[in-house]
Amino acid sequence: MLTNNNSNKMFFLFILFFSTLISISSNSWFGCWIGLEINLLSFIPLISNSKNLLSVETSLKYFLTQSLASINFLFMILIKFSLLKNFNMNNIISIMMNSSLLMKMGSAPFHFWFPNIVEGLSWMNNFMLMTWQKISPMILLSYYFNKNFLIFMIIMNLIIGSLGGLNQTSLRKLLAFSSINNLGWMIFSIMISENLWLFYFLIYSMMIFMMISLFFLMNMYFMNQLFINNMNFFIKLNLLINFLSLGGLPPFMGFMPKWIIINFLLINKFYFLTFIFMMTSLIIIYYYIRIIYSSFMFNYFKMKWVNLLMKNNMSLINLSSFISISSMILSTFIFM
Amino acid sequence: MLIYDIWFLFIYMFSVGNLIFVSKNKHLLVVLLSLEFIVLSIFFFFLVLLMFIDYDMYMLMVFLVFSVCEGSLGLSILVSMIRSHGNDYFQSFSML
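Chains R and X, in that order, are what the protein sequence lines are.
Residue numbers for the first sequence follow UniProt numbering, beginning at 1 and rising by one.
Residue numbers for the second sequence follow UniProt numbering, beginning at 1 and rising by one.
Okay, chain R solo, but in the shape it has when bound (with noise of 0.2 Å):
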């Protein structure tokens, strides 16, 4: 990409879109192969946009592990077609197929590559995998899972996802292991009714994009950025609203969806499986406090160079947070 502007851009953000709803939306499974391939073609060139080493590095991680895991499905696809096995779900077939797709995802104990490719993104493209990347595989998910495969596949995205962020400093990377867990919570709503899954994922999207632009505006990718430069208190209160509201606490926006889910597990006793969600989600709370714990108690630098933008126009930083502390009690009202 020599000349990069913005229609190139446009063009393989439609494509992207495009592709989902090619896979979401097709007759046969043939089709998900080919929407997820087109996927892969048009989220390549939106990544690799210059010519550093690490952009490079990243699009070549992206697209070695993306491309096994779709060759691999269409095999498996080939493999179902042959055998005819086209309405048991509890086989061999449907754990390859389920395999592939959670390798798509950055699923655990295919995850390794997640962390490293979301260090080496910007932040707009960081959301676009986080969020949009994450429809079409989990749809396709629904279409044909293994229920067994896929309650011990969250088991690991929940420990993984909470335990694999304890030791990070760079923001991305955090935030990376943050949407490891938060998968095994929307791979747990799919099997529940897709719906559940709709709600689940709309909420941690809004969550994301408030908490990404909130990075994107600040230019900040390390933990130590935070409490170094003299930020606003209200964008210091947003943050925190933002980390707690992911965390899924409760007067915030991202308390409602795992309340569903909860009162899903209790009701039809999956003990076991309450208990795993409850505690990975205290871990995971212990160190977005940490962070936040930290930027409101340091003493700063006074610099001169801090971004003006954020001083003069805080509209976005409040809507986001009344958005984050009232929806909860305002959905109420609407389901009346």
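Heads up, some of the hints might be wrong.
Keeping only pairs whose Cα atoms sit at most 20 Å apart, straight-line, the calculated EDC-like set for lysine to aspartate or glutamate is [said to hold, decoys possible]: (1) K85/R <-> D5/X; (2) K61/R <-> E36/X; (3) K80/R <-> D5/X; (4) K26/X <-> D88/X; (5) K61/R <-> D56/X; (6) K26/X <-> E36/X; (7) K24/X <-> D88/X; (8) K147/R <-> E194/R; (9) K24/X <-> E36/X; (10) K80/R <-> E119/R; (11) K61/R <-> E119/R; (12) K80/R <-> D56/X.
By construction, these hints were calculated from the structure, which means they are not laboratory data.
What you are looking at is a predicted structure, and each value in this text was computed from that prediction instead of being measured.
Model the placement of chain X on the given structure of chain R, informed by the hints.
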């Protein structure tokens, strides 16, 4: 489906391709070649499967088009890597 022994060939080809993909190689081009080998094995499998539906080979062509697109994308990433790193050795991956 009268002959079932041919599946061993497909599964074997596919497994060998995967094995080379995940092995520790010195060059990136070997990995891309193994990807093309997996595509070839799937092409063969697809051909044999579609012969049982009275020679409707259209899907095979669509598959071929997409696989070639993917292969060319891999090669373009290889070219971009050589332009920035200078070689395609795996030892020069140290940033992430």
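Results of checking the hints against the structure:
The suggested pairing of K85/R with D5/X holds, with an alpha-carbon distance near 19 Å, which does not exceed 20 Å. Pair hint K61/R plus E36/X holds up; C-alpha atoms about 17 Å apart against a cutoff of 20 Å. Proposed proximity of K80/R and D5/X is supported: the alpha carbons are some 17 Å apart, at most 20 Å. Pair hint K26/X plus D88/X holds up; C-alpha atoms about 8 Å apart against a cutoff of 20 Å.
A C-alpha spacing of about 36 Å is found between K61/R and D56/X, which places the hinted pair above 20 Å, so the restraint is violated. Under the criterion of a C-alpha separation no larger than 20 Å, the hint pairing K26/X with E36/X is consistent with the structure, at around 18 Å. For the hint pairing K24/X with D88/X, the CA-to-CA distance comes to about 13 Å; that is within 20 Å, so the pair holds. For the hint pairing K147/R with E194/R, the CA-to-CA distance comes to about 15 Å; that is within 20 Å, so the pair holds.
For the hint pairing K24/X with E36/X, the CA-to-CA distance comes to about 17 Å; that is within 20 Å, so the pair holds. For the given pair, K80/R sits about 37 Å from E119/R by alpha-carbon distance, which is inconsistent with the 20 Å threshold. The suggested pairing of K61/R with E119/R holds, with an alpha-carbon distance near 12 Å, which does not exceed 20 Å. Between K80/R and D56/X the CA atoms are separated by roughly 19 Å; this keeps the pair inside 20 Å, and the hint holds.
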